[in-house]
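All chains should be built: construct the whole structure from the sequences, respecting the hints.
Protein sequence lines, in the order shown, are assigned to chains B and S. By the working numbering, the letter at position 95 of the first sequence is numbered 95, and the numbering carries on one by one without gaps. By the working numbering, the letter at position 304 of the second sequence is numbered 304, and the numbering carries on one by one without gaps.
Treat each hint with caution, since some may be false.
From chain B, some residues computed to sit far from chain S (all C-beta separations above 12 Å) [what the hints assert, rightly or not]:
1) 17
2) 20
3) 43
4) 44
5) 113
6) 117
7) 126
8) 149
9) 152
10) 203
11) 234
12) 280
If we take Cβ atoms under 10 Å as the criterion, some of the chain B residues that face chain S in the derived model are [claimed, not checked]:
13) 66
14) 122
15) 128
16) 129
17) 246
18) 285
19) 287
20) 289
21) 290
22) 295
23) 300
Among the chain S residues that face chain B by a calculated CB cut under 8 Å, a handful are [said to hold, decoys possible]:
24) 130
25) 133
26) 134
27) 140
28) 143
29) 148
30) 150
31) 154
32) 305
33) 308
Derived from the structure by calculation, the hints contain no laboratory data. All C-beta atoms in this analysis are idealised placements derived from N, C-alpha and C, irrespective of residue type, glycine included.
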Amino acid sequence: VIALWSRLRRRSDTRVIIIFLLVLVGLIIISPQAALSPIQVLGSLSISGLIALGLTVVIVQGAFDLSVGATATLAGILAVKLSDHSFALGLAGALVCGLVIGVVNGCLVVNFGINSFIATIASMTAIQGVAYVLTNSQPVTGKDVSASITFISSVVWFLTPEMLIFLGMLLVIHLLLSRTQVGRDFYAVGGDREAARAAGIPIGLRTFQGFVICGMLAALAGWVTAIQSASASPEEVPGVALVGITAVVVGGASLKGGTGTALGSAIGAAMLAWVATTFNGAGISTTLQDLTDGGILLIVVLASRSGAKAPIALRLRAWLAARKGVMRWQ
Amino acid sequence: VDLDVLGQVDQQVADRGPRAYFVLYEHGVYFLLLIIAVVAALFVQTFATSGNIKALLVSIAIEGLVAIGMTFVVISGSFVDLSVVGTVALSSVLSLQIAPHNVVLAILAGVGAGAGVGLVNGVIISRGGNPVLVTLAVQTVLSGIDLGLNGGNAVLGNPHGALQNFASGSVLSVPNLVIVFFVVALVGQVVLRQTQFGFDLYMVGANSSAARVAGVAVRRVLVGAFVISGVLAGLAGVLAGAYGNEADSNVGTGYDFWALTAVVVGGTSLFGGRGNVGRTVAGVLLIGIIDNVMILENLSVNWQPIVMGALIAIMVGLDVMLARRKL
Chain B
1 VIALWSRLRR RSDTRVIIIF LLVLVGLIII SPQAALSPIQ VLGSLSISGL IALGLTVVIV
61 QGAFDLSVGA TATLAGILAV KLSDHSFALG LAGALVCGLV IGVVNGCLVV NFGINSFIAT
121 IASMTAIQGV AYVLTNSQPV TGKDVSASIT FISSVVWFLT PEMLIFLGML LVIHLLLSRT
181 QVGRDFYAVG GDREAARAAG IPIGLRTFQG FVICGMLAAL AGWVTAIQSA SASPEEVPGV
241 ALVGITAVVV GGASLKGGTG TALGSAIGAA MLAWVATTFN GAGISTTLQD LTDGGILLIV
301 VLASRSGAKA PIALRLRAWL AARKGVMRWQ
Chain S
1 VDLDVLGQVD QQVADRGPRA YFVLYEHGVY FLLLIIAVVA ALFVQTFATS GNIKALLVSI
61 AIEGLVAIGM TFVVISGSFV DLSVVGTVAL SSVLSLQIAP HNVVLAILAG VGAGAGVGLV
121 NGVIISRGGN PVLVTLAVQT VLSGIDLGLN GGNAVLGNPH GALQNFASGS VLSVPNLVIV
181 FFVVALVGQV VLRQTQFGFD LYMVGANSSA ARVAGVAVRR VLVGAFVISG VLAGLAGVLA
241 GAYGNEADSN VGTGYDFWAL TAVVVGGTSL FGGRGNVGRT VAGVLLIGII DNVMILENLS
301 VNWQPIVMGA LIAIMVGLDV MLARRKL
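Structure below.
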């Protein structure tokens with residue numbers, strides 16, 4: 001048991017799971033009825049989880065994508081519009097939209113050398129504008145909703161389609177990051193750029209691929225949202241990027257790049273979804289929800305900032321060791 | 001290498017390349033502003049009327065204040081202050097609620113709230129927090145607070161209160177808001193160019209570790225930059241509430257990108273250490289004219305975000321390419 005524990009301790013995911021369990025206990029104390037509805041949580045997790053998975057691929061490389069929310073919005077609008085012709089066309093349109101946005105973001109960051117924060121702020125503004133122009137600022141609704149009803153109501157065991165999509169993508173991204181050369185390159189680029197360059201890794205290409213994957217997953221999330229309600233609104237969905245980034249960072253990724261796993265991000269997203277679901281169920285106001293979302297991100301950013309002090313446990317151990325040393329000298 | 005204040009590097013670049021290219025690079029935004037203004041005056045019929053110019057200036061004054069504050073943040077090398085949206089809403093609601101009791105207190109509350117937000121941002125960021133994420137988190141917290149203020153209802157002010165009269169009034173047919181904007185711009189420029197704080201700000205933005213070695217209190221300078229941004233966002237909120245005579249959590253929506261675009265279009269470098277308030281004023285006027293012409297020509301307002309996003313991308317791309325050529 002001790003050997004197993006020491007092996008588990010070395011994995012960053014373990015720490016995330018422990019935090020997750022602690023938060024869960026806290027939530028159950030707040031409101032047992034609202035906290036104990038895992039199916040609802042899994043349902044609301046799918047969309048933010050997809051976005052968090054995409055962001056993981058980018059953040060692992062030390063880059064960022066703030067345009068995921070706008071991408072999901074635009075992809076949802078295209079999906080609703082194209083689904084009038086055919087269901088498959090809607091999905092294809094959304095994915096192509098994500099692909100194009102990923103390519104544009106990648107070009108801005110790789111070819112023009114623009115900082116990824118600023119580049120994606122710019123593309124976010126522009127994408128939002130395209131969404132407004134396409135819909136003339138009005139919500140769009142699908143004409144033929146039969147296909148999307150069939151889609152929603154097809155349930156395997158207790159898993160709805162969006163949960164299946166999320167779990168499938170979790171598996172894909174997990175395998176990509178942990179089992180393939182491309183995935184290892186992603187970590188290398190984020191960990192030490194110069195070393196990665198010296199090792200002959202095509203840094204630009206990898207960053208490009210990261211943005212394309214992120215864009216397509218965000219578009220997939222937008223498609224799922226749009227299909228669920230057979231409608232889409234050009235209004236900016238506030239907090240999509242925020243929840244995604246928070247999930248990834250809570251999941252153990254460093255903002256400097258080089259660390260983070262698909263599983264960790266999924267657990268981070270699950271934690272946030274669980275908090276949101278419980279708060280909703282317990283009738284806690286959106287004010288408090290915004291406060292907790294912002295607070296969580298603030299704490300996480302504080303904890304992961306550059307030059308941050310070691311965790312309290314480590315500091316305590318170092319202090320004790322130092323004391324022991326002093327006492328021995330005396 | 002990028003010490004704008006010293007001007008030596010710029011001089012070297014000037015010696016290296018053709019003079020005309022250098023002038024165009026250094027002062028491009030002013031030429032662009034001039035060209036666009038002349039084109040608009042020639043081809044858009046109602047553009048060059050005193051009524052339209054006045055409306056244009058009033059429409060940019062409030063967001064322009066936010067852009068002036070954002071200039072300090074960008075010069076310090078911290079990219080952007082995303083929390084201005086929540087700050088504007090917070091201070092507009094606070095000031096409109098307090099205004100019927102005491103006008104001075106109302107202004108102080110609005111500006112003070114902004115200073116407080118700036119202080120929080122600055123303290124965390126100066127200790128190594130990522131500026132984009134910290135201000136995003138603070139923005140989320142603020143939007144929560146804003147939604148809870150006044151029970152989520154819009155605050156309606158007294159249309160004939162002192163604040164409201166000031167915001168809609170004018171001196172010698174120059175609107176008060178426009179006067180405030182230009183006075184603040186002037187003060188900002190003086191602070192940047194004539195004070196120790198301004199000098200330190202350029203040093204920190206150009207190379208913060210070199211500045212630390214040179215004895216600059218880097219953390220204090222960063223806090224100062226964010227407090228200035230917060231204070232000006234607070235002032236913008238007070239004026240926005242007074243001018244519209246209505247305040248809710250949506251007052252500041254979009255101000256962050258608007259201000260960032262103005263700063264970047266003006267040519268203040270996102271790498272930090274270069275730029276000034278004059279450039280931002282030019283950027284603000286440029287965007288104001290583009291918006292105004294789009295409205296006069298009956299282009300759908302939906303196109304506005306596309307134009308803004310494209311402008312940011314083009315200007316930052318240009319900035320990066322020029323920086324590469326220079327180094």
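Q. Which hint numbers doesn't this structure obey?
A. 5, 6, 7, 11, 30 and 31
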